[in-house]
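> Each chain is listed here by its residues.
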Amino acid sequence: MPQKSLRTAINEALAQEMRRDPTVVMIGEDIAGGIGGKGQEEDAWGGVMGVTKGLLGEFGPDRVLDTPISETAYIGAAVGAAAAGLRPVAELMFCDFLGVCFDQVMNQAAKFRYMFGGHAHMPLVIRMQVGAGFSASAQHSQTLHGLLTHIPGLKVVMPSDAYEAKGLLIEAIRDDDPVMFLENKVMYDDMAEVPDDPYTIPMGVAKLTRNGGDLTIVAIGRMVHIANQAADILARRGVNATVIDVRCTSPLDEETIIESIERTGRLVVVDEGNPRCGFAADIASLAVTQAFKALRAPVRLVTPPHTPVPFAPVLEALYIPSADRVVAAAVEVLQA
Amino acid sequence: MTGSIHPVTIPKWGLSMQEGTVAVWHKAVGDVVAVGDVIADIESTKIANELEARASGVLRRRLFAEGDVCPVGTLIGIIAQGDVADADLDAFIDAFVIEEDDARETDDPVEQILFGGAASPSDQPGATVIPDPLRAHGRQSEVFATDETLRLAALWDVDLGKVTGTGRGGRISKSDMVAAITAAGGSVGSETEPARTVPAGPLVGQSLDATSVDRHRFAALHVAARASPAKPPILLIHGFGGDHDGWTLNQGILASDRDVYAIDLPGHGGSTSDVKTGTFADLATLVTAWMDARGLSGVHLVGHSMGAAVAVTVAGLRTDLVRSVTAIAGIGFGGLPDQNYLTGFAGATDTDMLRPAVEKLFTRAELVTPDVLDALMVYKRKAGVTDALGRLIDQALNVSSIAAVTAQRQALMVPMFAIYGERDRILPTTDSERLAASLVVAGAGHMPQTEAADTINRAIADFVGRHD
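For the protein sequence lines, the chains are A and B, in the order given. Residues in the first sequence are numbered from 352 upward in steps of one, following the working numbering. Residues in the second sequence are numbered from -8 upward in steps of one, following the working numbering.
Please keep in mind that the hints were generated in silico from the structure rather than gathered at the bench. Source: prediction; values computed, not measured. The beta carbon of each residue, even a glycine, is placed where N, CA and C say it ideally should be. Wrong hints could be hidden among the right ones.
Unchecked claim - Simulated pairs of lysine to any residue, SDA-like, Cα-Cα distance not exceeding 20 angstroms:
id, chain 1, residue 1, chain 2, residue 2
1, B, Lys351, A, Arg587
2, A, Lys644, B, Val179
3, A, Lys558, B, Glu133
4, A, Lys558, B, Lys371
5, B, Lys371, B, Gly338
6, A, Lys462, A, Ala432
As the list claims (entries may be wrong) - Chain A residues, not near chain B, derived (Cβ > 10 angstroms throughout):
id, residue
7, Gly450
8, Asp547
9, Gln580
10, Glu613
11, Thr640
12, His657
To be verified - What the simulated footprint calls covered on chain B by chain A, stretch by stretch (three residues with Cβ under 8 angstroms from a Cβ of chain A suffice, anywhere in the stretch; the number is not a length):
id, segment
13, 155 to 162
14, 213 to 227
15, 293 to 307
16, 360 to 372
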């Protein structure tokens, strides 16, 4: 199977869905590469990370809409377009910019189906970059899946590699509900085997990337790699961990998590989001409310501290959960 | 005394095995057997496999003939020393009852030691009953189910095509399957796997310290005793190319009632790369200086491989510092190290070159993950390390130096205990070379402290406890 980067896999998913369905359109800042700007070559950039490069050439400016720097306006336009029957894929450059378009997301997109008694659909996808590691400082490095998961009515997806991203993005585009699609910016060049043909991965079905009986490690997005690394270190110490890539925080595959805890009795959650009221705490709550009798040790959470993402590279490296910290947490729950 | 009588029983290989056929006897009555020797071939309805001896001695009795079919756990033979009376053997046979343990699933020998026969309670007879209409008979339908449901369905032979899923999208969960089993008149035993002691790295009461003596900086990990008053301490000494991290599975466990130190030898881990001329005497002199600086005396030394030779040399230099010596796959305790391993390890300049050498350490090559190799390459690239390893190969790990350590060991009056990996490929030993007071770990390679940590920890705790 061909090896593709996360960037290529997402580009391929977008192109294939746009070919399949003429109602799929794209909207966002610089996604067509500064079109309309003075002296700017068309399709020069393909978005800030080059993810959408080439789509303008194939689908034209009517379906690949480059916007001014105004999330307030174009996310609102995407919500309206979805309500009116298109399948827009909006690109919010960084999830940190949710702040200026949150009413559109939280009060409009997330509420339509509910408030119109199921008669309205909101087939909207908002792609956004998350993640620390580029020393991009506190306003461009957050991982806000927790914030989005808190809002009923949104589906929240965070793929862990290129294969996952393509299948989940196609599924998200075909889904009739608003899907927040979170791409970790440090992973765009990471390669994985990705089929050329379109395929879908259902939302709300977790995937085991390691399968062992001694403890359960739950992770999402880039943290799945950290969890896998930790599991491999543990394996050479004779400890077999299950690693669950939950793929989506909404809907959440509770069964897979609970059943694994019932098998292993020990849980570590790894997450790059803020710890307070966050994803890790949510999974811990699931464990103690649904699988308390099976737990043999306190649940351990490996998260950043509850601080903004630091700018200094040294501090940022300490901020992001590491495999060593996951191993240490695993050892604690194993010794308890 | 039945302690020296060892039963040979029909093993349980796999969930469905209820009985086994004694296909071939490989040992005759009166034959000497060692741990790991193949005694017989046993056939179940699914597989044929070799039954290995779990104890050394003489095969004194064969209770069934080739072709006989016996239930799992049945006593089919007796291993005992030649001087055990026939009447005692008869009494043992009369008193023998099939134990639950014998009816458990066993696996790879190393797994068995590591996990104490990791069988889920559902494997125990009577715990889980799958009614026949629900059985898959090995053929699984294409279904949408959780991973755990799929795993258990395969284990329990349940046809998930006959189970209705109530989850999102009709997904079958474990509770759906359990409900279907119960509704059909079956039953499900305890669903969790049995708790096992998981040996893991020390975290509580540990400190990584650095002590400089004689211009040598020593790194050592100290884990404080969890009980007081603490018994005499243990000092762990790693082997060639190792460091204190190699005792991850042992140090915390051994620290239950005594302080346990794991030193990085010169040229290793976080200690100074300078090994002086690289002889055992140089290493031992530096270690004694460190022990003096730390105020350690009357210590139980536990050495792995080259570390065992260092331990013997320390004991020879300063008997006052040493209470006992435990050697794990120890140099000077039989056999000679594989020179190809030593030069291959020292000479490797990338992980691809390193892998074949490091894989030889273990019986199970999968224990050598990319992380292990990466960590070793980081160590090997440190300034002075290549030179240090070369000196140790030249000055310490040669035939005459090892012979000197062996002679030293034989002359010492210190209590000694030796542990061997049965399948050690770095320092292979034969029965006749091994110490009488020894433990041979079936299935383990050169790293029994990692490959069979539970067994090793118990053996060391027992030995040092008898020599406090």
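> All hints are to be evaluated individually against the structure, with a verdict given for each.
Structure-based check of each hint:
1. Between B:Lys351 and A:Arg587 the CA atoms are separated by roughly 15 angstroms; this keeps the pair inside 20 angstroms, and the hint holds.
2. Distance hint between A:Lys644 and B:Val179 is fulfilled; the C-alpha atoms sit about 17 angstroms from each other, no more than 20 angstroms.
3. For the proposed pair A:Lys558 and B:Glu133, the alpha carbon gap of about 17 angstroms is at most 20 angstroms, so the pair holds.
4. In summary, the hint linking A:Lys558 to B:Lys371 is not supported, as the alpha carbons are separated by about 37 angstroms, beyond the 20 angstroms threshold.
5. For the suggested pair B:Lys371 and B:Gly338, the alpha carbons sit about 9 angstroms apart, so the restraint of at most 20 angstroms is met.
6. Of the supplied pair hints, the one linking A:Lys462 and A:Ala432 holds, its CA atoms being roughly 15 angstroms apart against a limit of 20 angstroms.
7. At the 10 angstroms boundary, the C-beta of A:Gly450 stays outside the reach of chain B, the nearest C-beta of that chain being 32 angstroms off.
8. Against the 10 angstroms criterion, A:Asp547 stays outside the reach of chain B, whose nearest CB is about 24 angstroms from its own CB.
9. Interface exclusion of A:Gln580 from chain B breaks down, the closest Cβ pair being 7 angstroms apart, not more than 10 angstroms.
10. A Cβ of chain B approaches the Cβ of A:Glu613 within 10 angstroms, the least distance being about 6 angstroms, so the stated non-interface status is violated.
11. With a cut of 10 angstroms on Cβ distances, A:Thr640 stays outside the contact zone with chain B, its closest approach being about 16 angstroms.
12. Every beta carbon of chain B lies more than 10 angstroms from that of A:His657, the smallest distance being close to 23 angstroms; the non-interface claim holds.
13. Counting residues of the segment 155 to 162 of chain B whose beta carbon lies closer than 8 angstroms to any beta carbon of chain A gives 4, which reaches the threshold of three, so the coverage claim holds.
14. Against chain A, the segment 213 to 227 of chain B contributes 0 residues with a C-beta closer than 8 angstroms to a partner C-beta. That does not satisfy the three-residue criterion, and the hint is violated.
15. Evaluation of the coverage hint for the segment 293 to 307 of chain B: breached, as 0 residues show C-beta separations to chain A shorter than 8 angstroms, against a requirement of three.
16. Residue count for the segment 360 to 372 of chain B with a Cβ under 8 angstroms from a Cβ of chain A: 4. That meets the three needed, and the coverage hint holds.
When each numbered hint is compared with the structure, violations occur for hints 4, 9, 10, 14, 15.
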